[in-house]
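Following the working numbering, the numbering of the sequence shown begins with 8 at its first residue and continues without gaps.
Be a bit skeptical, because a hint or two may be false.
Calculated cross-link-like contacts (lysine-lysine; reagent style DSS-like; alpha-carbon spacing at most 27 Å) [to be verified]: (1) Lys39 / Lys27; (2) Lys109 / Lys44; (3) Lys168 / Lys109; (4) Lys109 / Lys160; (5) Lys10 / Lys27; (6) Lys168 / Lys232; (7) Lys14 / Lys39; (8) Lys42 / Lys335; (9) Lys160 / Lys27; (10) Lys27 / Lys109; (11) Lys163 / Lys209; (12) Lys381 / Lys335; (13) Lys209 / Lys135; (14) Lys209 / Lys232; (15) Lys168 / Lys200; (16) Lys23 / Lys39; (17) Lys163 / Lys27; (18) Lys354 / Lys335; (19) Lys14 / Lys27; (20) Lys14 / Lys232; (21) Lys232 / Lys205; (22) Lys135 / Lys212; (23) Lys44 / Lys23; (24) Lys163 / Lys232.
What follows is a list of derived Cβ distance ranges for each label pair [claimed, not checked]: (25) Thr385 / Gln97: 51 to 57 Å; (26) Arg89 / Ser111: 17 to 23 Å; (27) Lys354 / Gln54: 54 to 60 Å; (28) Arg162 / Gly26: 42 to 48 Å.
The set of hints was computed from the structure by calculation and includes no laboratory data. All C-beta atoms, glycine included, are put in the ideal place defined by N, C-alpha and C.
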Amino acid sequence: ALKMFRKEETLAMRNKLIGKSCRLFYSDDPVKIVKAKGQYLYDENGQQYLDCISNVQHVGHCHPSVTQAATAQMELLNANARFLHDNIVQYANRLAATLPDKLSVFYFVNSGSEANDLALRLAHEYTKHEDIIVLDHAYHGHLTSLIDISPYKFRKLTGQKEWVHVAPLPDTYRGVYREDHPDPAQAYADTVKDVIDKVQLKGRKVGAFFAESLPSVGGQILLPKGYSTKVAEYVHSAGGVFVADEVQTGFGRVGSHFWAFQLQGEDFCPDIVTMGKPMGNGHPLACLVTTVEIAGAFTANGVEYFNTFGGNPVSCAIGLAVLDVIEKEDLRGNASRVGAYLVDLLKQLQTNHPIIGDVRGVGLFVGLELVTDKEQRTPGCDVQTAPGKTSSSLNLPCASVWKMPSWWRTQLIRFSQANKRETPWKKTRNAPAFRTFNTKSLRHEDYTTTSTNTDGLRQLMNDY
């Protein structure tokens with residue numbers, strides 16, 4: 008076993024050896040995690056935490072089916088992904104069964120950023136057009152090409168490139184067209200058409216519309232049903248393709264469907280879908296899937312594409328195990344049931360706490376919006392504390408609270424965890440106005456529909 012350092016030693020070595028831009032959670036007093044199991048994390052003193060911020064351990068930390076699959080494959084074979092092996096085709100075949108028929112060609116990579124960067128390459132090769140349309144507040148990855156198409160990042164850096172165009176976020180709570188609009192899907196789709204028209208007036212051509220199927224960094228936004236279908240029509244008419252970023256939203260997180268883009272209806276199918284974070288349950292595994300036509304254009308350029316580790320035998324074995332767990336443990340059903348329960352808890356709180364302006368979500372992709380004035384929907388910035396604080400009252404690591412706290416969108420949470428509390432309550436100014444709760448490896452037998460204890464959630468609100 009590796010030597011275990013004291014927390015102070017680890018911090019000192021990190022400060023010396025690791026780049027300062029690589030920031031830790033809870034930077035004021037970092038939590039040193041030494042092991043994890045299911046939904047729980049444990050620090051060097053054995054203190055247990057309910058993990059609230061990891062959005063990659065889709066079926067729970069150290070799930071035995073996943074670790075056993077990884078170990079067995081590592082003992083048998085792991086090699087450069089360009090060797091012929093069974094796992095990659097078996098995994099692609101399993102993924103294909105969850106997707107529309109036309110999405111049938113797979114490229115395996117190691118991260119969502121790699122997948123989204125490859126999507127840009129495929130779009131350019133197929134359309135021969137340069138310009139990209141994205142949604143406001145979007146984030147699609149950390150590579151240079153992706154920072155350029157991520158307003159969440161580029162506004163803090165070099166600014167917007169001339170080939171990048173930003174369409175309004177279709178937010179029916181705070182956006183231009185709200186829930187009382189007769190057809191917000193059409194209205195917001197028309198804003199994309201307006202962007203396309205302006206691009207063409209400049210003599211430029213649209214290569215792709217690039218969007219998360221449910222914008223997460225932008226604030227847990229539920230796209231109006233029909234929006235993506237209408238946008239795709241406009242984009243296709245302009246000679247572009249529709250890219251659906253499912254890096255955070257895929258693999259059953261929304262409950263009713265395996266992919267979030269399927270919420271838009273059976274008549275909608277993207278041209279390219281990217282996926283990542285939850286695929287390997289923490290193991291670096293990501294993918295892009297597209298049509299035969301787009302893949303053919305990418306092949307026709309004569310330049311070989313290879314990825315040394317993408318689709319290697321171990322990664323694919325892990326990916327297959329994750330799919331097995333999702334199916335065998337009915338995690339989509341779990342996301343639907345517990346997500347509905349969670350939303351109900353939050354709406355109960357909303358009736359008594361004017362700070363909660365909106366509760367929205369589907370499955371276990373759920374969020375709430377904090378306001379100081381419900382009528383004006385004034386963002387509650389003054390009650391949002393610094394990111395990465397820990398609640399001593401709950402021992403709950405929490406995500407940063409930006410526009411709204413992100414209920415980190417993994418598959419699993421039981422009813423008793425949805426209203427988790429510990430006693431006695433200890434007041435802390437480190438607690439933000441609301442907590443994120445994890446959705447990690449919790450089994451259906453732990454459900455208890457008789458539990459009505461929402462005191463823990465209410466106390467967090469009452470502290471403010």
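Given hint Lys23 paired with Lys44 - CA-CA distance at most 27 Å: 30 Å, violated
Taking 42 to 48 Å as the hint, is the beta-carbon distance of Arg162 and Gly26 inside that range? This hint is violated: roughly 22 Å between Cβ atoms.
Honestly, do Lys354 and Gln54 meet the 54 to 60 Å range at C-beta? 32 Å, violated
Take a quick look at whether Lys232 and Lys205 sit within 27 Å of each other, Cα to Cα. OK: Lys232 and Lys205 at ~25 Å, within 27 Å.
Hinted pair Lys39 and Lys27, Cα distance within 27 Å: 18 Å, holds
If you check the beta carbons of Thr385 and Gln97, does the distance land in 51 to 57 Å? For Gln97 against Thr385, whose Cβ atoms are near 52 Å apart, the range 51 to 57 Å holds.
With the threshold set at 27 Å, check whether the alpha-carbon distance from Lys14 to Lys232 stays at or below it. Not OK: Lys14 and Lys232 at ~49 Å, beyond 27 Å, violated.
Satisfaction of hint between Lys39 and Lys14, Cα-Cα up to 27 Å: 7 Å, holds
Holds or violated: Lys27 with Lys109, Cα cutoff 27 Å? 45 Å, violated
For a C-alpha distance cap of 27 Å, please report whether Lys135 and Lys212 respect it. At roughly 9 Å apart (the allowed maximum being 27 Å), Lys212 and Lys135 satisfy the hint.
Tell me if the straight-line CA distance from Lys42 to Lys335 falls inside 27 Å. With Cα atoms ~26 Å apart, Lys42 and Lys335 stay inside 27 Å; holds.
For the pair supplied as a hint, Lys381 and Lys335, confirm whether the alpha-carbon distance does not exceed 27 Å. Not OK: Lys381 and Lys335 at ~43 Å, beyond 27 Å, violated.
The structure fails hints 2, 3, 4, 6, 10, 12, 14, 18, 20, 23, 24, 27 and 28 (numbered hints given earlier, in ascending order).
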